[in-house]
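J.: Go by the hints and put chain S onto chain P.
Okay, here's what each chain looks like letter by letter:
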Amino acid sequence: MACEMACGYHRDDGFALLSSCIMVTRGREKKDYSAVVVKEEENLVIARPEGLERRKLGSTGESNQGKGKEDASAKPLLLREPCDLCSDRQDGPLCLQFCPVNAISMG
Amino acid sequence: MEYLSSNKIAIIDLGTSKIVHEKLDEDLVRKKIGGVGITCELYERYQKEDPIILGTGLLTGTLVPASALGMITAKNPSTGKVCHAPLTLYAGMELKYSGFDYIVIKGNAPKPMYLWVHDGIADILDAKEIWGKDVWEATDSIRDSMGDALIQVLGIGKAGESGSDFAQVCINYWASGDRWGFGKLFGQKKLKLVALRGMSLLEIADPEEFVRECKELLSTIKNGSFAGKQGIGELSAAIGEDIRKWLEPIIHRHLSCFNTPFPTNTFVFLDEDPKLLKESEKNEPGFLITDIYGLLGFKKLGLSAAESSTLLRECARVGIDAVAIAELSQKAGKTKPEEIKKSFADLKGPLENLAKGTFSPWASPRPIFADFALPPDGSQNLNWWDRRQAMAYIFGIHPIFALMSPELTEEKLTELATIGTGLDFTSETLDQVVRNIIK
Numbered sequence: 002m003a004c005e006m007a008c009g010y011h012r013d014d015g016f017a018l019l020s021s022c023i024m025v026t027r028g029r030e031k032k033d034y035s036a037v038v039v040k041e042e043e044n045l046v047i048a049r050p051e052g053l054e055r056r057k058l059g060s061t062g063e064s065n066q067g068k069g070k071e072d073a074s075a076k077p078l079l080l081r082e083p084c085d086l087c088s089d090r091q092d093g094p095l096c097l098q099f100c101p102v103n104a105i106s107m108g
Numbered sequence: 056m057e058y059l060s061s062n063k064i065a066i067i068d069l070g071t072s073k074i075v076h077e078k079l080d081e082d083l084v085r086k087k088i089g090g091v092g093i094t095c096e097l098y099e100r101y102q103k104e105d106p107i108i109l110g111t112g113l114l115t116g117t118l119v120p121a122s123a124l125g126m127i128t129a130k131n132p133s134t135g136k137v138c139h140a141p142l143t144l145y146a147g148m149e150l151k152y153s154g155f156d157y158i159v160i161k162g163n164a165p166k167p168m169y170l171w172v173h174d175g176i177a178d179i180l181d182a183k184e185i186w187g188k189d190v191w192e193a194t195d196s197i198r199d200s201m202g203d204a205l206i207q208v209l210g211i212g213k214a215g216e217s218g219s220d221f222a223q224v225c226i227n228y229w230a231s232g233d234r235w236g237f238g239k240l241f242g243q244k245k246l247k248l249v250a251l252r253g254m255s256l257l258e259i260a261d262p263e264e265f266v267r268e269c270k271e272l273l274s275t276i277k278n279g280s281f282a283g284k285q286g287i288g289e290l291s292a293a294i295g296e297d298i299r300k301w302l303e304p305i306i307h308r309h310l311s312c313f314n315t316p317f318p319t320n321t322f323v324f325l326d327e328d329p330k331l332l333k334e335s336e337k338n339e340p341g342f343l344i345t346d347i348y349g350l351l352g353f354k355k356l357g358l359s360a361a362e363s364s365t366l367l368r369e370c371a372r373v374g375i376d377a378v379a380i381a382e383l384s385q386k387a388g389k390t391k392p393e394e395i396k397k398s399f400a401d402l403k404g405p406l407e408n409l410a411k412g413t414f415s416p417w418a419s420p421r422p423i424f425a426d427f428a429l430p431p432d433g434s435q436n437l438n439w440w441d442r443r444q445a446m447a448y449i450f451g452i453h454p455i456f457a458l459m460s461p462e463l464t465e466e467k468l469t470e471l472a473t474i475g476t477g478l479d480f481t482s483e484t485l486d487q488v489v490r491n492i493i494k
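Residue numbers (the numbering used here), protein chains in the order written: chain P, 2 to 108; chain S, 56 to 494.
One chain only, chain P, in its complex shape:
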């Protein structure tokens, strides 16, 4: 979530979650299951506990490897600007710098 706030700051110069291009899905709270999703220019990068998936924007998730329905809480991400890796910042992506538990890395 701090990553979302940091990304939102990069976009809006204030604190908000509305324009962040990274999101931690939290719609499956009772199952303790979440993923980190990043919107790229043409793909969604989805980091799940069991592994990483890069999916073309516009493709549906329901048929994907039998994983079931996608987390609806990530839907707003599709309407947002893609990640620019905080290209105007010397120290690189803010989401990496502000993740309090070091959950994000860049390969």
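What the hints contain is simulated information worked out from the structure, not anything from laboratory work.
Note that the structure is predicted; figures quoted are calculated from it, not measured.
Mixed in with the good hints, there may be bad ones.
Sample of chain P residues at the chain S side, in silico, Cβ under 10 Å [unchecked claim]:
(1) Ala7
(2) Glu51
(3) Glu54
C-beta atoms are modelled at their ideal positions from N, C-alpha and C, and glycine is treated no differently.
T.: Frame of chain P; chain S shown alone:
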């Protein structure tokens, strides 16, 4: 109030269904800073109407490390004392972005109601569909009907509806740090729950400087004495009740509250393989342990980790404080999970461990992992703890994390508040606010 604020307070009268919006007066912030500094002020203003005040700290929901905290300030229905309960996980953050800095709930509703607070709008809605449901069912019902799984719910179960002294206001499906019976107060007001969701934008007086300072602070904090540790097990070891081996077989993952570097919560799987990485096909495979003392209470009855966690889950469904249930079960000689579960409604009596202070004892009364340079005989622990909690509840810092991070100094938080708001806060102002709160 221009910065780090929605500049709005909602005054909600459940008796008349009237809602008034007030601006958050900048002079009030200058004098009281935020969090419990202001919830106490609002409580005094409306105390004749037995209000419940929801609030956030001045720095809640920002990039300040551990800025996760919101709070409920109200009168403990059993003792009559004004107390504060912590709102952690994502509830404090969501309240901050709901479009209101503070919410005053006064009066008693003529019939069951709930509040829907979102994007600067507060609505009082009929709760006839959810009154009588347990905490889990009510949370599911609200999220399903609004079509938004990220809504944060502060709600009560049957314990609150029936006026139990130990009724708790839960956060979504989980126990909270409400050790004051605020769930009973919700029930007396016929308030089933408060649903929160927000998309606000908080502006910052000096954004680049504020974010630079936050980044520097986080870098320092990450190397603190908690580094490499996580979860309820480590917390237990730090307070001298090591349950790590006992709990380990059922641990699924650990979970941090918003922007908090140490995960103070542990999810256990009870009906599923804890090692499972992919999504469980079961809808309710386990429970998120958010309160170490409830777990320790059940362990003392001789129960296994799975039995204890299952009882914690039952307590959260009913919306009752597990710490009280464990203590009263012990006194009543009940040690079997089934008989404890069946006796929730009947367990009564004074608690030996009844919280006596202003801040919830959900946060352990001592430093955790870290060295705060206190005398080794413990003589200063309580004064230190009160002040440390006051600081956390004013600025909106996670109250347990505040006990493990000496880097989060009063000076640093005051400086961040000044940079973020453009108001000139001083250590004298903070000192005055703290003294008023813990007097």
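J.: Hint by hint, say whether it matches the structure.
T.: Evaluation of the provided hints:
{"no.": "1", "hint": "Ala7", "verdict": "holds (6 Å)"}
{"no.": "2", "hint": "Glu51", "verdict": "holds (4 Å)"}
{"no.": "3", "hint": "Glu54", "verdict": "violated (12 Å)"}
The earlier numbered hint that this structure contradicts is number 3, and it is the only one.
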